[in-house]
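There are 2 protein chains.
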Amino acid sequence: MLKEAIFHSPKSNYAYAYNEKTLHIRLRTKKQDVASVDLIHGDPYKWDGGSWNYETKPMKKIASTELFDYWFTSLEPDFRRLRYGFHLTGDETIVYTEKGFYPEIITHDTADYFCFPYLNSEDVFAPPAWVRDTVWYQIFPERFANGNKANDPEGALPWGSAEPTPTNFFGGDFEGVIEHIDHLVELGITGIYFTPIFKATTNHKYDTIDYMEIDPQFGDKETFKRLVQVCHENGIKVMLDAVFNHSGFYFPQFQDVLEKGEQSKYKDWFYIWDYPVQTEPMPNYDTFAFTHMMPKLNTAHPAVREYLLEVGRYWIREFDIDGWRLDVANEVGHDFWREFRKEVKAIKPDVYILGEIWHQSMAWLQGDQFDAVMNYPYSHAAIQYFAKEEISTRDFMYKTAEALMMYPENATEVAFNLLGSHDTPRILTVCKDNKEKLKQLFTFLLSSPGTPCIYYGDEIGMNGEQDPGCRKCMEWDTTKQDRELFDFIATLIRLRKEIPAFGNHGTFQFISDENDKHVMYTKTFENETLLFAFNNSAEVVTVPIPFDLKGRKVTHLLTG
Amino acid sequence: MLKEAIFHSPKSNYAYAYNEKTLHIRLRTKKQDVASVDLIHGDPYKWDGGSWNYETKPMKKIASTELFDYWFTSLEPDFRRLRYGFHLTGDETIVYTEKGFYPEIITHDTADYFCFPYLNSEDVFAPPAWVRDTVWYQIFPERFANGNKANDPEGALPWGSAEPTPTNFFGGDFEGVIEHIDHLVELGITGIYFTPIFKATTNHKYDTIDYMEIDPQFGDKETFKRLVQVCHENGIKVMLDAVFNHSGFYFPQFQDVLEKGEQSKYKDWFYIWDYPVQTEPMPNYDTFAFTHMMPKLNTAHPAVREYLLEVGRYWIREFDIDGWRLDVANEVGHDFWREFRKEVKAIKPDVYILGEIWHQSMAWLQGDQFDAVMNYPYSHAAIQYFAKEEISTRDFMYKTAEALMMYPENATEVAFNLLGSHDTPRILTVCKDNKEKLKQLFTFLLSSPGTPCIYYGDEIGMNGEQDPGCRKCMEWDTTKQDRELFDFIATLIRLRKEIPAFGNHGTFQFISDENDKHVMYTKTFENETLLFAFNNSAEVVTVPIPFDLKGRKVTHLLTG
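Residue numbers (the numbering used here), protein chains in the order written: chain A, 1450 to 2009; chain B, 1450 to 2009.
Just chain A, with the same shape it has in the complex (with noise of 0.2 Å):
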């Protein structure tokens, strides 16, 4: 046995709470290297006549990657607490605790297993119930639709009657996604995530310069409060978007600050390494990037602080707000996000927290402070093989199993799934304007653990390279609409809303073989089990139903 792959580790997504009764515990193997694995468990403080008293519990193998085998089971401790350790049969057999390894189970001493001390309710990763059955539409308020044209920008494009560049206009507003609250109900969707409506220069508005002003291109808050409301009377919540790494230049805390340098008040606001500040050939403070245009704003000064969370509870107290998305969300001290928890949810407990991070975010995910991140890990693999088809069936499958194992279960479950963004290329552009592998991508994203995202437009056929490409306006003409493709898109919502094994409630498997050339999957909820089987190839490829079928009820879910 390699005893150099086996690893857990406490408190993380190996062994974490995932409800206020139920432990979840997980162990790595070297792949194919351990025939089977029980859990050795007991309460510390259980004895008999000086012996500890442990019982067993077989894991399950539940996903594999590369390199590795994960095994899982879970539990609900009488007293809230656990002593436990691994005992692993293969060429040999073995014990394994936090202390190392021993060839049996000790009896007369707990100190060296690994311990869950007490599953305290108030330290429970605890997303808000309704985000695990959501599912998102973000829109770009400047590309969605433009309903009021007495609010549009100077210089502002008819509709549709240019391509988008980094610095034109098109006037989509607040009415514009008030008036077309319809096509988002036939949709089925039930969350808007909108990019920032905050008062700004650009098109994108991610360079604040006041975050409790929206922006008069979009329309004012009583029209702001009156789009919240249309989408609750819908059933669709709001998320808002929230740049508090930095604010935009034209802050007039960075202004002042550009103007009086070390006597503005608001010079520890920001990061200046030395006065008099300069933005140009490089600014001399921190910034985004070393973009001069976005300062880095010192979310330890207790005003800085005191200015951004009084920000993240206004527009949930006075617009009821139901979502932060929280900008680059990694590179903001943990302590802010910690109070900015805290504060939020002190108004709205069930407000969704949602952190834009692109790498490895368990430091953020261990319910102090974020709900979820953005995951792109998860759909990055799903774009590679079916819409690059850069990587195999095996590969496919690996990366997707290491995704799901790289949070708690509570955690993937609310995980922010997407397939593109305003900051990448459209995922009909990235699959070459092949449909069937966009629907292929659709549909494993739908039927993911998780909760979906569509990119406005993405469900009516839209095209676009990388930004600004991708933020074209969205097509209202229905006859250039590709309407085929928004049934097919709501035709997965449906079911996913419907039957509780296709989305957030199923357990995921991948049953297909290594070296296939399609990939199967099934979901399953109690009694029901869904096959979703995908051909990656070319050819017409025939597949056996790998299940005893006899007298069993076998739906086919698109055609009934």
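In short, the hints are calculated from the structure, not lab data.
Okay, the calculated bits of chain A under chain B, using three or more residues with CB under 8 Å as the criterion:
1) 1542 to 1552
2) 1557 to 1564
3) 1728 to 1741
4) 1782 to 1795
5) 1803 to 1814
C-beta atoms are modelled at their ideal positions from N, C-alpha and C, and glycine is treated no differently.
On the provided structure of chain A, position chain B as indicated by the hints.
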């Protein structure tokens, strides 16, 4: 190269901010499998014509355990952010990233590399500076010295007239400590850890009745104020013991619940399962272990929280104490400890927060909760090796290395290292009264990274079995004290203070061979290297000093 053994994890003991400028990066590989490792690193936003502008830096092998080698480097990223990976050379050359292995360094994209997004100073694990150079002394107040017979509890026995039992009293008190402050000053210790002093019924006082009152057998608040003052005047910090996981049975709030049941306004201060509340045959409420005398406190309840936080604040604010040692710290919620840290540090920013945890404690040592934990794993190996002769030199080195790699270096520097306490047999007894072994252990403890603690009386050769045996009255008859041992330990403490390399400022490195009967390590600080050599066998061993000493000044530290 064994890929299964290669391990790194972002934001952990493998990648952390050492201070406001410096990142530490560690990597684990299979033992003796990798010849060299280079860290591939760069700013994520620094590019040259489509290619990432990275650098490489050699990593140093700093520790080995039975299965693994550990590699280390530190660096100060210009812009406080880092993308990084590892270039490993052995029987093949591979690049290790967050997303897996590559045959060579990727430069067209940094998405797959590991990420340290931003070194925000407020997130840096920053224990109080004074702790690093502190030598602790643990006092069990009932048994240290009786300075005032007037406050003796009823039935108190004459000092040292009987063996300690779980229930007898000898009248130790604060005036006794004040009277004997010279003993502590002569020994050279610079911090006292007092086991509980609050109102309670037992001799150990872990059964708190009132967290806001001193137990009258120890003195009153005035005496305690004087004690802290005397300690401070003598350069000695004072740490108290906080038992926040559970109250004592006679805590009035719990008594109220016992009496009034569901009508008690304190019913949610505890975890009561059902009513009426019963203590027999099994308590129907959460307890520490299964002890009905120790009802677990509900630290998620706002009133309990406020009560305990005020305890935390009160003794600092009013009595100027310097540290809190937190009993059964890992069974209390993380959320409570985060608030506790904020509250007590707001009053005294350099107060020391020490958690009693016997297991792997990384989840509490990330800067938001504790400054340190009681580092049992570290000294355990030394006790097994020197005192019990249960493990080989090889295993001692491996286990010690493992303990040193378990936490970030800034956490290890203030880890609370102990050879024994009121909860374990006395170390001389563990050494089977072999004083030479005891001296070896103290030499190891006092030259180790971390802050050492001496249990009262160990310095004068007191012995005693597991509690209550280890809680004898301190021996004040100097003719019965082992003064030679006292002088030896005082010398070690003096060397630790005078020579930076001796204590927490030196870099620790084993230099022994696995098959040796003796063990040697060096401590290095700047130009100075100390060699520590221990013979752990009954025979005389002759070992060449493994350095070229030509032209170098050599001093024997103990004999001059």
